[in-house]
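Dock chain B against the given chain A, drawing on the hints supplied.
Chains as they are written, first to last, in my numbering: chain A, 401 to 1034; chain B, 2 to 81.
Simulated from the structure, these hints should not be mistaken for laboratory data.
Beta carbons are placed, not taken as given, at the ideal position from N, Cα and C, and that holds for glycine.
Possibly wrong hints are sitting among the right ones.
[Unchecked claim] With a cut-off of at most 20 Å between alpha-carbon atoms, the simulated SDA-like pairs for lysine to any residue come out as follows:
1) B/Lys79 <-> B/Ser61
2) A/Lys646 <-> B/Glu64
3) A/Lys453 <-> B/Ser61
4) A/Lys646 <-> B/Leu41
5) B/Lys52 <-> A/Asp644
[What the hints assert, rightly or not] Here are a few chain B residues that sit away from chain A, every Cβ distance over 10 Å (derived from the structure):
6) Asp29
7) Asp34
8) Ser65
9) Val73
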Amino acid sequence: MSDVLSLPWLLPALADFRARVRSLKSAETVATADIAVLAARSLDLSQLGSLGKIVEARRETLLAEGRLRPLLLGIAATHTVDLVADALPATAVRHGLLVDTVQTDYGQLAQAVLDPASSLAQAKPDFVLLALDAAALGLARPQFEAAAAHEAVQSALDYVASLRDGVRGNIGAGVVLHTLATPAESLFGSYDARVPGSVRWLIARFNQRLAEEVAGDADLVLDLASLAETVGLARWHDPLRWHDAKLPCALDAVPLYADHLCRLLAAARGLSRKCLVLDLDNTLWGGIIGDDGVDGIKLGQGSAKGEAHLAVQSLALDLRRRGIILAVCSKNEEAAALIPFREHDEMVLKEDHISVFVANWTDKATNLKAIAQTLNIGTDALVFLDDNPAERERVRQELPEVAVPEVGDEPSDYVRLLSLAGYFEAVAFNDEDRKRADMYQANAQRASALQKVGNLDEYLASLDMECTIAPFDDLGRARIAQLINKSNQFNLTTRRYTEADVAAIQADPAKFSMQVRLVDRFGDNGMISVVIFDRGTDAWHCDTWLMSCRVLGRRVEEAVLAHVANAAKAAGASHLTGEYIPTPKNVLVEKHFEKLGFEARGERDSGGTLWSLELAKYSAPALPMTIVAKSAAT
Amino acid sequence: MERSAITEQLTEIMIDVFDLDELEYRDDLSAADVEEWDSLSNIRFMVAVEKEFGFRLSNSEIESLNNVGEMVDLIQQKLA
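So that you can see chain A by itself, here it is in the shape it has in the complex:
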């Protein structure tokens, strides 16, 4: 495995990188794909800078193409972050984002954050990174009095909290906080750990309390402390660059810093990967099951190779437990591929853990598409782990949006590389996540039940569905915001709202909000739909209507319409109106309103269509589910 600073899960930069960038500079049109193919590789700081300039020059056309999610990042720093900022636009493309940055003037951090008229506030960033170093926070020198030590940490935390509140209140942006990297130097040696007030103690205490007490659910925390440790503190910190230009880390660590920041922002936008697709032979076990047989494959304690493959399985299982879906894609006879799962005692992964199991001789790119389709997720939500470079190359060519870590042929490296790559970066962990893999599991069973039943109505009736519709409440808020930011396909307007926005909608009497849950005999699907209507006197207008694709075709949208129609009628409205705003991903719902009986009302000004439903003519259909309507909790 090559050096961690060179992002070893990525292939090296294309040999003709410079020539390609040059041709993009003068190209008539530049598509996202032209940039993405370069950004998908490991790039050094200069390469990120050159490619970033292309992104900046073509921002308007990239925005119009709609494949990247735009995000304006404000950076308020007490040190020089220009090099990080320069690396961000190109790095962000790797993560599906179109990032632009706005920085505060050096030394103007507090004013920029606390004054609503500052240029930072005026720029209206989506997020603001508060980049504060230990020196600026008064934590770079030891405090040998216990009271002074605690006081130093407390006042540093208070300062961060006040800036965070300033960003939220004055700028209305999300906040990115970060932990502090431990210095590479000690004062007492090992004894530092035991002296309250040593710099290591101060920083450890600050980091712990920042994560536990200061950071709220809506704040993002970039864990620079663990990033720096992963790199190695003596490599992370470069005293010459710090003294010379107040650079927060060594120059060659900047591409990794930028990648970690972008994956965090992408996660906040719901762009993290959702599913790990595993090859079998020489990935989950050593050897080839079809040739070596269940007794011949290497797996489990007793050999380095067997333990390495076991570690891969353990990681996969742990990922599943935190909500990542597992799938298998193997060139094998299915019967042979299943034998280890059924007969090998040391298998950590069981058949049950795999939501979609594909073992055949079809080309893997085709199989990956089928896996994504079965799970109702995009191929851009897949990570494909395969020891075979030819398979990796084939998938990269056919499906460049699938993440394919460059794992090499040493299975002992696989866990490390997969973890370093950060494909599954999270910004929350809740009950829905804990249950997700089971929900997708149940979905695969539902798909096979469908094949058996054949008749859709009979099938739906056989599901014993219970659909619960309730207005937004505090308990549902995190999941509501998650769905609003993640749903791309079944999403009529693709309006993104933060948790704070969701709270405001909940409190606004002019809004009619719905969070929808669905339980069936295979399990609890959790919250699967979010809908917001603006209550007008005559017409109620649909601001947001989205649904998780895993309950597509279950007639949930009809239950939702019946619910809102009922409420609107009761309030004296005569119409429901809606709009469809097209994006590259939501063609699925182009005819949503039409299917529900709305009449076309022409084109929207900036693209899309308008719809209207006369409530007098609407009557709710009989639906194959029990509907539980809840009113606002007080």
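Relative to chain A, chain B alone:
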């Protein structure tokens, strides 16, 4: 190492670091001649040189340099 080999390598580095389409090497080339050559890209330049030639430059060495020709002298001296 031959001076011409060093200048050739240095030219490649400068093209990358300063994001130039092309660059005609001259000994008296300095920050004043290259638009992209500011204090931060100068640091990137120094680090790229360190990486390419495999040694570290001290702050005083960096501050003593007035043009690219002096950089070539320094590299030659360091590699000798």
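Evaluated hints:
1. Distance check on the hinted pair: B/Lys79 and B/Ser61 sit about 14 Å apart at the alpha-carbon level, within 20 Å; holds.
2. Between A/Lys646 and B/Glu64 the alpha-carbon distance is near 17 Å, which keeps this suggested pair within the 20 Å criterion.
3. Of the supplied pair hints, the one linking A/Lys453 and B/Ser61 is violated, its CA atoms being roughly 32 Å apart against a limit of 20 Å.
4. Using a Cα cut-off of 20 Å, the hinted pair A/Lys646 and B/Leu41 holds, with the two alpha carbons roughly 11 Å apart.
5. For the proposed pair B/Lys52 and A/Asp644, the alpha carbon gap of about 19 Å is at most 20 Å, so the pair holds.
6. Distance check for B/Asp29 against chain A: the nearest CB is about 24 Å away, which clears 10 Å, and the non-interface claim stands.
7. A cut-off of 10 Å between C-beta atoms confirms that B/Asp34 is not in contact with chain A; the least separation is 19 Å.
8. Non-interface status of B/Ser65 relative to chain A is upheld: no Cβ of that chain comes within 10 Å, the nearest being about 14 Å off.
9. The beta carbon of B/Val73 sits about 20 Å from the closest Cβ of chain A, which is more than 10 Å, so the claim that it is off the interface holds.
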